[in-house]
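Quick mapping for you: the protein sequence lines, in order, are chains A and B.
In this text, residue positions in the first sequence follow my numbering: the first is 512, and each later residue adds one.
In this text, residue positions in the second sequence follow my numbering: the first is 512, and each later residue adds one.
Derived by calculation from the structure, the hints in this document are not laboratory data.
It should be emphasised that the depicted structure is a prediction, and the values quoted were computed from it without experimental measurement.
Take these hints with a grain of salt, some might be off.
Any copy will do: because identical chains look the same in the list, a pair fits if it lies in one copy or spans two.
Straight line, CA to CA, 20 Å or less: simulated SDA-like cross-link-like pairs of lysine to any residue [what the hints assert, rightly or not]: (1) Lys875 to Gly848; (2) Lys737 to Arg587; (3) Lys737 to Thr696; (4) Lys637 to Gly773; (5) Lys737 to Val762; (6) Lys705 to Leu846; (7) Lys737 to Leu702.
Number of protein chains: 2
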Amino acid sequence: MPEERPHVVIVGAGFGGLRAARALRRTPVQVTLVDRRNYHLFQPLLYQVATAGLSPEDIAHPVRAIFRRQRNFAFRLAEVLGVDVAGRVLRTSTGDLPFDWLILAPGGTNNFFGLDSVEENGLALKDIEDAVAVRNQVLRMFETAVQEPDADRRRAMLNFVVVGGGPTGVESSGALSELIRLVLTKDFPDLNVKDVRVILVEATDRLLGAMPERLREVTAEILWRKHVEVRFGAQVTRFDGERVVLRGGEVIPARTLIWAAGVRAEPLVDGLGAPLGPQGRVRVRETLQLPGADRVFVIGDAAYLEDDQGAALPMMAPVAQQQADHAARSIVRALRGEPLQSFRYRNPGSMATIGRNAAVAHVKGLQFSGFFAWVAWLVLHIVLLIGFRNRLLVLINWAWDYFLYDRAVRLIHAREMHTGPAEARRAHPTDAAGEAAAKKAG
Amino acid sequence: MPEERPHVVIVGAGFGGLRAARALRRTPVQVTLVDRRNYHLFQPLLYQVATAGLSPEDIAHPVRAIFRRQRNFAFRLAEVLGVDVAGRVLRTSTGDLPFDWLILAPGGTNNFFGLDSVEENGLALKDIEDAVAVRNQVLRMFETAVQEPDADRRRAMLNFVVVGGGPTGVESSGALSELIRLVLTKDFPDLNVKDVRVILVEATDRLLGAMPERLREVTAEILWRKHVEVRFGAQVTRFDGERVVLRGGEVIPARTLIWAAGVRAEPLVDGLGAPLGPQGRVRVRETLQLPGADRVFVIGDAAYLEDDQGAALPMMAPVAQQQADHAARSIVRALRGEPLQSFRYRNPGSMATIGRNAAVAHVKGLQFSGFFAWVAWLVLHIVLLIGFRNRLLVLINWAWDYFLYDRAVRLIHAREMHTGPAEARRAHPTDAAGEAAAKKAG
């Protein structure tokens, strides 16, 4: 029976792909969701994994568990290699997948704007492995600094540069500064806290550019109170692993750079033959259809569409989810022979949290900040998490950290967590020798 | 002031090293604990990480958090390279560490008895990375099998061979079989459960060799009920990643082999110049001192000592902990000029759990099995875990899995979780291509 139903293939188990698959649960189609991971990642809390507040497992949920009761659903763990739009075939690492309808929700990836040295030596924050790498690096720098006799080298180990004043950069630098001030200073009483700097580098003169001016100022003020040094109008041009070089030549000695300054659509969409907009996003039609291909929809971070004022729709979960609903509804309409409708985005507002008791929120023209906004942020993110167990675990971890001024998950994973049996077991010492060995192997 | 105090260096943050450091908290010495990890790992529950029941973070605790309030304590994250016994210096990857007293508690590592092919292609269960690698492999085999059209190849993907009928092998195979029967069959309704086999290979004719006969039989019976095929008198001679070859030539087609058949002392002790006993363990004196070196104690898995009946003390946490207490007391006695005493092991009994509602226990000559032993096992392990937060999280995970017949942590980590920034971000597709790439890189 499922063979006779139209086959809807969805690429990506992010907010968009998940929502589209779910929206089609009562539609007489067969759904196949393809992703290279077997889990959905709740990306908005990724920075809390990077700053040792949450375990990776707290914010990830197996795709098969989410859809266990959906009968018209199948999952395929595979890398997507390309799309044969005319032939209606999705090329994957485990073989071809023919489709009647395709919803592409592959999301975004980091954009280093050609700064190879930053890409090579810096860290990013797009997936679980990134977040664990950041956690490893920060904790390792403290363990290394406490054994370093040279004051200059020690200070460089304790300088943490975050690049980009958007939500990721603001949230990461705030959480990082708190991890250091509230927790690591107790772990390392021998280190001088004055040697520790968290520096947020932003190219323009504003943080959280999409927020109204008052909230942008509040954000800068809160970061200042949390000992984050914000450098406006500063651009990183090079990072060799020891020195961050800014445009103009200024050098910040630092061993850690976290890149939160640019995202772009997954390169998969480059091969669609469609016109691309800013950030490599596909310029879709008003219906979210790929130009020239009625059976292919592109949604979420990978799609470029403007609102009524001509501003690009942001790369955020609510956009992806509303577009997912729209694409699913469009397939239903098409199956009924009805004409498709244009997508219209309803902005639910935006928020950012900046550590303990502090957040900013802009909802329906109203501006909130401080403790109230922070509590609203907590409640909203608990509600949005998938699965009762994840909610409970995140809640426990938050309560623990809040009341005890702790970050419990400060573990340095020394070796790769990978599938290859032999590689996984090969010794990787945790110190400088290990890093060198890893670099050689990589 | 600390400089004037005798310096006690402890190697290893396992059960022995941790206990020794704690036992010295009120002694007028300065303690330095050296480990290549920054956390203590609760190894008895490692197999539950491997079978997707617990997160790695649930059973690991940062060393600095454990000792935050101990004033005479310092931690050094470093690899131990060797010991200059005569010069009283510990050589580490971050420099030399002079000591007045040394307590070596480096633990054990896997012993493949020269079976290179097994070491190369099999998986082990000694640390967190091992456990995550097993979890990755098992889940990945299901994801691969469900896409595999060839029946023979599919069955090989669904054969899981566990080698070794000791506690690790018994507990792993039981938990693995339950993960498959209770959870994965629901995730993969298209797979035929009859294609799935968990095979426990044991060279002798008994499981849990240290247990009394009745409990050994109960163990075999419980495993049989849980669909684990136990192969007695069978020895693995080769594993190429596709076929497990037994002595005599029999071949089991399987893509997964978990090695739980041999441990030996950390090779670090090979360089001490002391006589080694079975499993590479150092033949220590009755006082736990290294022969010919009064200021060096060796404890735990790395030390070889016999009980009154001439049987080797087992490589288990209680032995390490009692020896740690003894070594700490010995240092106190030596500081007071009193003679050292012989170590005497008080056997607290042993237990093993074999999945839901089933465990065997041998305590003070009494034998328990079934539900009561299982509850006792649960309570004991919760109590033994370090930290209220870890206890709470493990308890929640256990309750969740027990009542919902679930294993929530079934995530495949696709890429290494490593410190090297560039390596951590490099794309590692999750499929066969990725495995090949990883092998090339390794």
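Outcome of the hint check:
In this homomeric assembly, Lys875 and Gly848 never come within 20 Å of each other (Cα to Cα): the closest approach is 36 Å inside a single copy and 77 Å across copies. With identical chains, the CA atoms of Lys737 and Arg587 are never at most 20 Å apart, being 44 Å at best within one copy and 29 Å at best between copies. In the homo-oligomer, the alpha carbons of Lys737 and Thr696 lie at most 20 Å apart inside one protomer (14 Å), although the nearest pairing across protomers, at 49 Å, exceeds that limit. In this homomeric assembly, Lys637 and Gly773 come within 20 Å of each other (Cα to Cα) only inside a single copy, at 11 Å, whereas the closest approach across copies is 40 Å.
Neither within a single protomer nor between protomers do Lys737 and Val762 lie at most 20 Å apart by alpha-carbon distance, with minima of 23 Å and 63 Å respectively. Neither within a single protomer nor between protomers do Lys705 and Leu846 lie at most 20 Å apart by alpha-carbon distance, with minima of 65 Å and 39 Å respectively. Taking the shortest alpha-carbon separations for Lys737 and Leu702, only the intra-copy value of 19 Å comes in at or below 20 Å, while the best inter-copy value is 53 Å.
Hint compliance for this structure: hints 1, 2, 5, 6 are broken, all remaining hints hold.
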